[in-house]
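Colleague: Sequence:
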Amino acid sequence: MDGRFRLVAALLVMLSLVAGCHSATGKTAGESIDDATITASVKAKLVADKPSNLTRVDVDTNNATVYLNGVVESAEQKARAEQLAWQAKGVKSVVNNLQVKK
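Mapping of the sequence shown onto the numbering used here: position 56 corresponds to residue 44, and the numbering continues sequentially without gaps.
Worth flagging that the hints you see were computed from the coordinates, not collected in a lab. Any given hint might turn out to be false.
[Claimed, not checked] Here are the simulated DSSO-like pairs of lysine-lysine, each with C-alpha atoms no more than 30 Å apart in a straight line:
(1) LYS31 - LYS90
(2) LYS33 - LYS77
(3) LYS80 - LYS33
(4) LYS77 - LYS38
(5) LYS89 - LYS31
(6) LYS80 - LYS31
(7) LYS77 - LYS31
Kindly produce the complete structure, drawing on both the sequences and the hints.
Modeller: So, in structure tokens, the structure goes:
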């Protein structure tokens, strides 16, 4: 029983230390996972929307703000990409930096 107690105590100490860890970006592991999940969701929506052909849009997420970057063929594609980004669960804002090809 004494060995189990020590193991549980050691695990609790390690968990408490890891729970407060921040990455170099200042985000917790949970925040990083949330941002990665949002990015993956937005990318999946862009790829699935075949008529819009938005597969080359670059998507980044930071603190639930989605950043859309790249070049699209039309203003309609730019608007559609933003619309799809807003549909992803957990998105708090969208910054649409897409440029329309001239």
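Colleague: Now tell me, hint by hint, if it's right for this structure.
Modeller: To see whether the hints hold, each was checked on the structure:
1. LYS31 - LYS90: 24 Å, holds
2. LYS33 - LYS77: Between LYS33 and LYS77 the Cα gap is close to 11 Å, so the pair holds against 30 Å.
3. LYS80 - LYS33: Distance of about 17 Å is within 30 Å: holds.
4. LYS77 - LYS38: 20 Å, holds
5. LYS89 - LYS31: 20 Å, holds
6. LYS80 - LYS31: Measuring from Cα to Cα gives roughly 16 Å; hence the hint holds.
7. LYS77 - LYS31: Satisfied, since the Cα-Cα distance of roughly 12 Å is no more than 30 Å.
Consistency with the previously given hints is maintained throughout, with no hint failing.
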